[in-house]
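Asker: Read in order, the letters of the sequence shown correspond to residues 24 to 247 in our numbering.
Where hints are given, some of them may not hold.
Below, in silico cross-link-like pairs of lysine-lysine (BS3-like), each with a Cα-Cα straight-line distance of 30 Å or less [unchecked claim]:
# : residue 1 : residue 2
1 : 92        : 110
2 : 136       : 180
3 : 180       : 57
4 : 136       : 92
5 : 136       : 124
6 : 124       : 92
7 : 110       : 33
8 : 57        : 136
9 : 110       : 180
Keep in mind the hints are simulated off the structure, nothing from the lab.
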Amino acid sequence: MRLLVVEDEKRLAAALRRGLELAGFAVDIAMDGKQALWLAGEHPYDAIVLDIMLPGVNGFQVCAELREKGNWTPILMLTAKAREAEKVMGLELGADDYVTKPFGTRELRARIKALLRRSGGEAEAECCRFGEVEVDFARGELRLRGRPVELTPIEFKLLDCFIRARGRVLSRDQLITAAWGHDTFASARIVDNHIANLRRKIGDDPAEPCYLRNVRGLGYRFDG
Numbered sequence: 024m025r026l027l028v029v030e031d032e033k034r035l036a037a038a039l040r041r042g043l044e045l046a047g048f049a050v051d052i053a054m055d056g057k058q059a060l061w062l063a064g065e066h067p068y069d070a071i072v073l074d075i076m077l078p079g080v081n082g083f084q085v086c087a088e089l090r091e092k093g094n095w096t097p098i099l100m101l102t103a104k105a106r107e108a109e110k111v112m113g114l115e116l117g118a119d120d121y122v123t124k125p126f127g128t129r130e131l132r133a134r135i136k137a138l139l140r141r142s143g144g145e146a147e148a149e150c151c152r153f154g155e156v157e158v159d160f161a162r163g164e165l166r167l168r169g170r171p172v173e174l175t176p177i178e179f180k181l182l183d184c185f186i187r188a189r190g191r192v193l194s195r196d197q198l199i200t201a202a203w204g205h206d207t208f209a210s211a212r213i214v215d216n217h218i219a220n221l222r223r224k225i226g227d228d229p230a231e232p233c234y235l236r237n238v239r240g241l242g243y244r245f246d247g
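Work out the full structure: start from the sequences and follow the hints.
Answerer: Okay, here's the thing in structure tokens:
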């Protein structure tokens, strides 16, 4: 499960990252609203933890802009303000839940997990079926027509990324970041080769793919 944490207090951001990574989440940090909007547009996240008081573009504005762009990733807002009107404003702008500072790491983890359950994120992360394919993320296994198929770690990361971004076009750069990381020499050709292998392993016809579709000039889209 991949989270985006938007928090401008460096110590708090570092503490949130440590606590959430210990709970098994992968965590990206944005220090301001502008960076948050860029990251949310570049990567598929399972949830966003969003502080309201940010420099420049505040949390309310980030939430509103994401929803206007059609990004419905679950948002948990962090606020140091307990006034009901501000909580209502966040929810009306499209936030899904909120936590008032100060809060404990256990409470935050519990809120995030509850949010993911409500959105269906945890269920999708554990097991996914499409066509004759069954993917068990918890066990790191894929079966085609009931038979196990061995995927490389990169192929599994790519498939995971596609399933989480179901129906959205992902550029080759986004796929490289998701599967190989930021510091890599992976190229667009390498991405294409891995997707060709992945198509073969999930039984997707390379001539007329049903699941991993090429969107000319933009990238790939998963239609499972």
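Asker: All hints are to be evaluated individually against the structure, with a verdict given for each.
Answerer: Outcome of the hint check:
A C-alpha spacing of about 22 Å is found between residue 92 and residue 110, which places the hinted pair at or below 30 Å, so the restraint holds. About 22 Å separates the Cα atoms of residue 136 and residue 180, which keeps this hinted pair within 30 Å; it holds. Proximity of residue 180 to residue 57 is assessed by CA-CA distance (about 27 Å); at most 30 Å being required, the pair is judged to hold. For the proposed pair residue 136 and residue 92, the alpha carbon gap of about 25 Å is at most 30 Å, so the pair holds.
The suggested pairing of residue 136 with residue 124 holds, with an alpha-carbon distance near 18 Å, which does not exceed 30 Å. For the proposed pair residue 124 and residue 92, the alpha carbon gap of about 28 Å is at most 30 Å, so the pair holds. Between the alpha carbons of residue 110 and residue 33 the distance comes to roughly 24 Å, so the proposed pair stays at or under 30 Å and holds. In summary, the hint linking residue 57 to residue 136 is supported, as the alpha carbons are separated by about 26 Å, within the 30 Å threshold.
This hinted pair does not check out: residue 110 and residue 180 have alpha carbons roughly 36 Å apart, beyond 30 Å.
Violated hint for the displayed structure: number 9, the only one.
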